[in-house]
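> Residues per chain, in single letters:
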Amino acid sequence: MSLLICLVLLTGCVNISETRPVPSDAVADPTPLPREVVIAVDQYPHGSRLEWWYHNGHLSTELGREFGFHFVVFKAQDGINEPNVVAQLGILDVDSSTHYEASRADTGLLFSDAGVLDIGIADWLYTIGDNPGDHEFSAKNDTVSLSLDLTTSTAPMLHNEIGWMPTEVGSTYYYSWPRQIANGELVVGGESFEVSGTAWFDHQWGEFFVLGKPSGWQWFAIQLDNGGSLMVTEVRGITGDVIDAYGTYMAPDGVVTHLSYGADSIDVKALDNWVSPSTGGVYPSGWELTVGSIGINLVLTPLLLNQEVLGSLPKASTYWEGKVNVEGQLKGENVFGDAYVELSGYVDPDPVIWREQ
Amino acid sequence: MFNALGIFVIRRKYAVVIAWFVIILVAAPFFTQAANFLKPGGFSNESFPSVQARKVLQERLELTTLTVDFVFSHPDWSVFEPRFTGAISSAISGLTEFEEIDSVLTHLDDPSRASALSNTVHVSAGLTIELEESVEFLETVTEYVDPGPLTMIITGGPALYRDISLASERDLRRGEIVAFPIATIALLIVFGTLVAAFLPAAVGGGGVLVGVALVFFMSQGIDMSVFALNIVSLLGIGIGIDYSLFYTSRFQEELRSGKSVEASVLAAHSEAGQAILFSAVTSLIGLLSLVMFDVMMLRSVGIGAVAVILAALVAALTLMPALLSILGDRVNRFRVRPGWALNSKFSVWVPLSNWVMRRPWFVLIPTSIILVMLAVPALSMRLGTVDATILPDSLESRQGYDVLRDEFGFALKTVIPVVYIFAEEDDLFLMSDPFTRENIQRAFDVGHALERLDGVSGVSSIVNLDRTFGPNQYEVLYRHPESITDVAAKRIIEDSVRPGAILFLVHSDLHPFWPETRQLVTDIRALTSSDGELYVSGGASEITDIINTLYGKFPVIVAVVLVVTYVSLLLLFRSVLLPLKAVILNVLSILASYGALVFVFQEGNFSGLLNFQAMGVIEATLPILLFAIIFGLSMDYEIFLLSRVSEAYRRTGENEASVAEGLQRSGLIITGAASILIIVAASFVLADVVVVKAIGLGLAIAVFVDVTLVRALIAPAIMRIAGPWNWWLPDWLDRILPKVKRVE
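So the protein lines, in turn, are chains H and D.
Mapping of the first sequence onto my numbering: position 210 corresponds to residue 228, and the numbering continues sequentially without gaps.
Mapping of the second sequence onto my numbering: position 481 corresponds to residue 463, and the numbering continues sequentially without gaps.
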């Protein structure tokens, strides 16, 4: 009998834990310390909560037909599940003033051999090449398709000097390849084109959140005809007020200058507004951008007002990502160029239902 | 009174048979209807902390842990293509209109529900109803959802639950079909005549039929589990056959000794009938113990088993003597076995008993060692519960489960929902906003205390979104929670926070139903906070409660059963030692069957041969069910053996000769009864459902061990060694013990 009871006690009952009070972790938030960015390593995915690889560019055919594109792969990871991966493609057909968008979503990352990383996002493929600054992607849906080879023609651009910056809710590593040479094939409206041009690449990762309206940003990736490249971001904080602006300028000779809000007199002035018929979002449209310290004053004009990305798969945030014309002055000289502008946080978010009740 | 009953039945034999015929006719329709009124499940009860936590989860966070899961796929379409998402939208449109459905989640809400590699999407419909009701609702949903061009598999709690019931029932039917002809042949061999072989089937069958009809009537007043039907049938057949076999064989024996039919019936009634009565009382004690559990499933098995044993007992004590009185010598008609085989001189039991009597130590030591060795694996028994892999993969719900496991990691890991309710929940002002600095700090403390527990791989909550964030960052983040764009974070804010309540999902790499996970549940429950209260929900929590409830009382119940059994055997045999020996040997038989269960089903030995996937654990109710059934059955055999020994001892006063005679006279009968039960039980090894396999094999092994090692070798060897001590009863005890009156 006792043997049976022992057996039952051994196997059946779990150990009773003594009660333990929940300890208070009432300490200051941990302060993240940045480490050095090593592009050859950091170009690949990280275990961070949020990460994206982003390209935009200005393409043309041999006959001079112009297109703009942006392609981005987002990776979100909660530390428990496989990462969610979402890719979006936007194409602007300048001649027909038509904007196309497509997206795919997937979970997990597919790794290949020899240091090359293939990220499969459903039937799309994004490849981070062995050589830092080299990328490939192919993305398509029923109406549009783009396959590009991208190779860099410059050194990388580390933003905020070290390629890292704190945000209001977290911190992010951030670098760019401001001029990539793009070659590939584009299909729009049933027509296929060999295309080439210049592209811009961004890579961000870290433990941070992207907040929508009233937070948000205006981001400018400008490629000047003189060979210079300029990134400027204006940031709105949780109250909706502009709390910061920063940028990086890479001169034609490759010299990189970090730009900060007050010290470098960054000023972004919206010249007009555009109201989205899809979302009701009121976006700035047309800008005058000034960076006093490097003598830049530019006017940026959208080639099409409606370059809004609805990003419906999955229920992601909506933003405006558009190709713009650039003209203005650099240290008193006339300059022209192409740019892409990103506007985030202009559409009213869905309410949290239970807070509304 | 016992004698009077025998005389009454003999005098009114035709009336008794007609009465039984009427009873069986009346009971038959209720027998067939019983299954429709029994409820599936019944493993938990309202007082369980996990059930309370489930209610808190439903009431405070409007969440449910019960879902109907759909697996949609297409051979060519990518899961995020508009035509795929359109087909899903069309298939599930209107589902939330059902009041039984709380919400529907697709891959558009949570991309991790999509597998691009296999073009598969997992859609869940959260239910507002209990599991028992959901099985019926599932049929409505199945008819409602039209997958169009997509392939659809339906799985999830209700479907698995339904299929486990259906497959178990099918298994039992199939087992019965296989077992019946073999058992009939075994009966023919034991009885030697067609007529005699028919009697146990008639009396056992009648007992089962009436017993199940009684279960039907009881199910009208109290909740009864459908599992009761399976166990009651199995037990009823086994016990009915035991009783009638013992009774009939004794009658045949008395006839052969030259007595008249009436005298033979009375003699059988006196000796066999009384042994049957005590055996039934002992079995009833064992099975009544199940009624003491606060778990509907075990309680209804206990009630059902009591009903069927009572029916079998009444049938054995009334229908059997009535039939034997009518049949008389004709019971030996249609002989299928040569007459010499009935002669004990030619039985294997004579040389066997002589051999054991000559060298009892030589028999006792090695057989005891074997018995203990068989029981040893039981010490590593890991109790748990089983998942859908106990189902055959031909069933839709199992196929869906496999897809969810292989494509989405479903059920391989554990998620334990823990609800934290602020202490000020009654204060409307204080409970209004979980995103205040103070409330975020409290939640942060709880979330990080949970993260630090052993076995936790991660925690999902509004304050566990980012490992680098502290309360200050979260406070900034939640100033405008609607502005968070992150899909996963947005979902957590929508689903896991309400005024005064925050949900933490505790993730663990442990299997949901393993003992280590129950320890984790216990550790979480041990966390206390003066600022609020934690409620631990989910499958692992419910299993913890069920096992704690079952095994919190099991040792006490075991002890009560053993003591009461000892006392009833003490009364019957007026011996201190024999009941003790009987109880210890019965426990060893049960432990041997536990050991076999662990060796085979937990560790996976012979899994190829028996066609199953190792469970890694022993289903928690199995040891208790087997204890109740095996204890009852093996006590039958013990009483039948001892009653013959005791009868011989009363007559001769010689221990050694009495033991040998008892073994010789009961050997064939016990072996016959046991063989039939082993055949019936072993036929369940052919079952598709692994738990049914395990019940069958556990029972078969226990009975086999009992009639071979225990009853044929160890018991007689001990009795031979004990000598006169077998019959020792202190005078003071003899004086106070009530006398069991014997019919002479």
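Please note that a few of the clues may not be correct.
Unchecked claim - Output of the computed footprint for chain H on chain D, the stretches with three or more beta carbons under 8 Å from beta carbons of chain H: (1) 95 to 102; (2) 256 to 269; (3) 460 to 471.
Since the hints were derived computationally from the structure, they do not count as laboratory data.
For every residue, glycine included, the Cβ atom is placed at its ideal position computed from N, Cα and C.
> Provide an ascending list of the numbers of those earlier hints which the structure does not satisfy.
Checked against the structure, the only hint that fails is number 2, while the rest are satisfied.
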